[in-house]
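**Q** Sequence:
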Amino acid sequence: MGPKRAMRGRGRGGERARERSRRRLAAGAAVAVLATLGMALSGCTSDSKNATAAIHAYPSVVAIGDSIMKGHGLNADEAWPALMAQQNGWRLDNLACDGAGFLAIGDDADCGETFAGLVARAVALHPRTIVIEGSSNDVGKSDRDLKSETIKQLAQLRAALPDVQIIGLSTVWNDTAVPAQLADIDQQVRTAVEKVGGRFLEIGQPLSGHTEWMQSDDVHPTAAGQLAIYAAVQTAFRKAGLRA
1 MGPKRAMRGR
11 GRGGERARER
21 SRRRLAAGAA
31 VAVLATLGMA
41 LSGCTSDSKN
51 ATAAIHAYPS
61 VVAIGDSIMK
71 GHGLNADEAW
81 PALMAQQNGW
91 RLDNLACDGA
101 GFLAIGDDAD
111 CGETFAGLVA
121 RAVALHPRTI
131 VIEGSSNDVG
141 KSDRDLKSET
151 IKQLAQLRAA
161 LPDVQIIGLS
171 TVWNDTAVPA
181 QLADIDQQVR
191 TAVEKVGGRF
201 LEIGQPLSGH
211 TEWMQSDDVH
221 PTAAGQLAIY
231 AAVQTAFRKA
241 GLRA
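Sequential numbering from 1 applies to the sequence shown in full-length UniProt numbering.
Note that these hints are calculated values from the structure, not bench results.
Incorrect hints may have been included.
Quick list of in silico lysine to any residue cross-link-like pairs, SDA-like style, CA-CA up to 20 Å [as the list claims (entries may be wrong)]:
1. Lys141 <-> Gly99
2. Lys141 <-> Ala180
3. Lys239 <-> Asn88
4. Lys239 <-> Arg190
5. Lys195 <-> Gln156
6. Lys152 <-> Pro162
7. Lys152 <-> Ala124
8. Lys152 <-> Arg199
9. Lys152 <-> Val123
10. Lys152 <-> Ala104
11. Lys147 <-> Ala120
12. Lys195 <-> Arg144
13. Lys239 <-> Ile203
14. Lys152 <-> Arg190
15. Lys239 <-> Thr129
16. Lys141 <-> Val178
17. Lys239 <-> Gly204
18. Lys239 <-> Glu194
19. Lys141 <-> Ala116
20. Lys195 <-> Ala160
Please model the entire structure based on the sequences and the hints provided.
**A** The structure is reproduced here in structure tokens:
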């Protein structure tokens, strides 16, 4: 009886030892898995932080304007907002539309809406800065209606995006004499922009007298003309101490 009991005792002790060994191995494996998971999560957090930092390093800018701002007849990267974006490190959404204005409806083949529609699209993008320019497409419209609509659209923009930086620009004409109403349009944009706490920049008429900078339609600037507008806007930004 004694030897048998001794053998059973040694058997139980061996089983317990093996069980302890299995538990130690399982615990070690769990620690290894948790450590690996922690490293992976740490890497994800680091990547997320880096991605967020990259987003904030390149401010998002939305441009609202007409065919001159769009770069009609040219490649998209030749338009002056694209040149500004490249020079200043912006993430740009150029919503400018052929034929559009505060009252003028854009071409059906493009946006088919006034700046009000572009403002709504801009709001959905939640940019840091919005650059909005007066449009020669509004020449001939009622000044009273234009003023009312311009103020309304800027107020809607501010209400939807209370923290966005709003920068208004004067209207660009072609190489010929500037119509008198353009001064009224610029004043309306200035009033509306400043009313919502934005900044208005007068950029002059960079295309004036330069027939060589105009496309064959004598309305839209060539790539060289876009460069001239870019230089005027960049200079106005610098003098005003503005950044996106």
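**Q** Does each hint fit the structure? Answer for all of them.
**A** Outcome of the hint check:
Restraint check for Lys141 and Gly99: the C-alpha separation of about 13 Å stays at or below 20 Å, so the hint holds. Our distance criterion of 20 Å between C-alpha atoms is met by Lys141 and Ala180, whose separation comes to about 13 Å. Using a Cα cut-off of 20 Å, the hinted pair Lys239 and Asn88 holds, with the two alpha carbons roughly 15 Å apart. Between Lys239 and Arg190 the CA atoms are separated by roughly 17 Å; this keeps the pair inside 20 Å, and the hint holds.
A hinted pair counts as satisfied when its Cα atoms are at most 20 Å apart, and Lys195 with Gln156 qualifies at roughly 12 Å. Of the pairs offered as hints, the one joining Lys152 and Pro162 holds, with about 15 Å between alpha carbons and a cut-off of 20 Å not exceeded. Between Lys152 and Ala124 the CA atoms are separated by roughly 18 Å; this keeps the pair inside 20 Å, and the hint holds. Distance hint between Lys152 and Arg199 is fulfilled; the C-alpha atoms sit about 17 Å from each other, no more than 20 Å.
With a C-alpha separation of about 15 Å, the suggested pairing of Lys152 with Val123 holds against the 20 Å cut-off. At roughly 15 Å between alpha-carbon atoms, Lys152 and Ala104 fall within 20 Å of each other, so this suggested pair holds. About 19 Å separates the Cα atoms of Lys147 and Ala120, which keeps this hinted pair within 20 Å; it holds. Straight-line distance between C-alpha atoms of Lys195 and Arg144 comes to about 17 Å, which keeps the hinted pair within the 20 Å bound.
Between Lys239 and Ile203 the CA atoms are separated by roughly 11 Å; this keeps the pair inside 20 Å, and the hint holds. With a C-alpha separation of about 13 Å, the suggested pairing of Lys152 with Arg190 holds against the 20 Å cut-off. For a cut-off of 20 Å, the pair hint linking Lys239 to Thr129 stands: about 18 Å separates their Cα positions. Proposed proximity of Lys141 and Val178 is supported: the alpha carbons are some 16 Å apart, at most 20 Å.
Taking the CA atoms of Lys239 and Gly204, the gap is near 14 Å; set against the 20 Å cutoff, the hint holds. Taking the CA atoms of Lys239 and Glu194, the gap is about 18 Å. The hint holds against a cut of 20 Å. Taken as a hint, the Lys141 and Ala116 pair is honoured in the structure, with Cα atoms around 16 Å apart against an allowance of 20 Å. Simply put, Lys195 and Ala160 have alpha-carbon atoms about 15 Å apart, close enough for the 20 Å limit, and the pair holds.
Checked against the numbered hints above, the structure breaks none of them.
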